[in-house]
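Protein chains in written order, with our numbering: chain A, 1 to 216; chain B, 1 to 216.
Read the hints as simulated data drawn from the structure, not as lab findings.
You may find that some hints are simply not true.
Since the list can't tell identical chains apart, any single copy or any two copies may satisfy a pair.
[Stated by the list, open to error] With a straight-line Cα cutoff of 35 Å, these simulated DSBU-like cross-link-like pairs (lysine-lysine) come out:
1. K62 - K20
2. K214 - K26
3. K214 - K198
4. K198 - K132
5. K74 - K214
6. K27 - K74
Every value quoted in this text rests on a predicted model; they were computed, and no experiment measured them.
Protein chains: 2
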Amino acid sequence: MNPITTQQLLNALEWRYATKVFDPGKKIPADLWQALEHALALSPSSYGLQPYRFLVIHDAAKRAELLPHSWNQKQVVDCSHYVVFTGRTQMTEADLDRFLTLTSRVRNIPTETLSAYRGMMMGDLVNGPRGKIAHEWATRQAYIALGNLMTCAAVLGVDACPMEGFVPAEYDRVLGLGNSGYASVVCCALGYRSANDKYAGLTKVRYPTTDLIKVV
Amino acid sequence: MNPITTQQLLNALEWRYATKVFDPGKKIPADLWQALEHALALSPSSYGLQPYRFLVIHDAAKRAELLPHSWNQKQVVDCSHYVVFTGRTQMTEADLDRFLTLTSRVRNIPTETLSAYRGMMMGDLVNGPRGKIAHEWATRQAYIALGNLMTCAAVLGVDACPMEGFVPAEYDRVLGLGNSGYASVVCCALGYRSANDKYAGLTKVRYPTTDLIKVV
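Just chain A, same shape as in the assembly:
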């Protein structure tokens, strides 16, 4: 483990901002994008279940179709890579078994050794309290991935804009998610800031750390 310095991290986080105007001519190089996809896949999630899928919208026609359902925010069409985060609409026994089969294979252990873990997840996410709010639970996991992606982009020098201002039902329709078991929950535009984005130079607005963080 070869950590970066605190200054390097904080510089990156100070440098990042919710990019309002992307330079449509600047694309994220393929190797950098591949690393960001890898980073996204490495996001932590509850029980490790990864109850989401990430849609990268390359098709210009689709992006244009999404624009009016995105409060007409131009980042949708101007950014280099536009990611729609989707979350599982419910959690089923099959979801758990798919994950446990993968775990068993990757770690080379019999699935039977995972039966207590399976029981815990069943009693929580399928039949338990969180089963009733499974889509919301999945949404929260997608937000962890969003937080991870934005920080990863920042340390790699890639600009990003998180986007909650869109109409999920319309996105689901345009992206054909109807019966997929996934629904769109949040989006993130990535690429490079335009030299004309006046928001790039604004001072960040944050409550004092003493207000935000309390020691108990």
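Please arrange chain B on chain A, whose structure you already have, making use of the hints.
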């Protein structure tokens, strides 16, 4: 902007895991923790509103009191820094004005220039559709902060364990959040892995990127 290399980032993300056993004797140095607090405060949030507070539980007696309400997960008492993320229970006009007053001061602009922004937030988070799910909306913002914090910890070589397995109502009681307007939503233990944590050596389980990420 001085980005880190993709390899350095991916090494950190591969190195991190949900730490099950912390070394109770190893504390995060003060300067490193200060940087993590700063990083946490720099988390992106919807409209920039930061509808959360982070409680850092140093008091050993409080941690012991939280343990039985945390599925008895020992990370709560053994980790170096234990953070409880709380989210605003509702959004009020006063929340918006507090934020706009701060914005006006930090950016040295009259609050009147922010009236359209204020109207948009009012129509969304106070009187609009998201007003009805304001605590859930705040929770999602806290999850962005959680994702950010875990990635920041990883690149700085600090171990972490996100924790959803706790009883929010009991946490709120123990932490005296009753009438504060904030409620606990998720936690994160930070510190250093014990040499005895057998989970540290396990292969990460992730669906293939081709399953998780779809190009449209």
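Failing hints, ascending? Those not satisfied: there are none.
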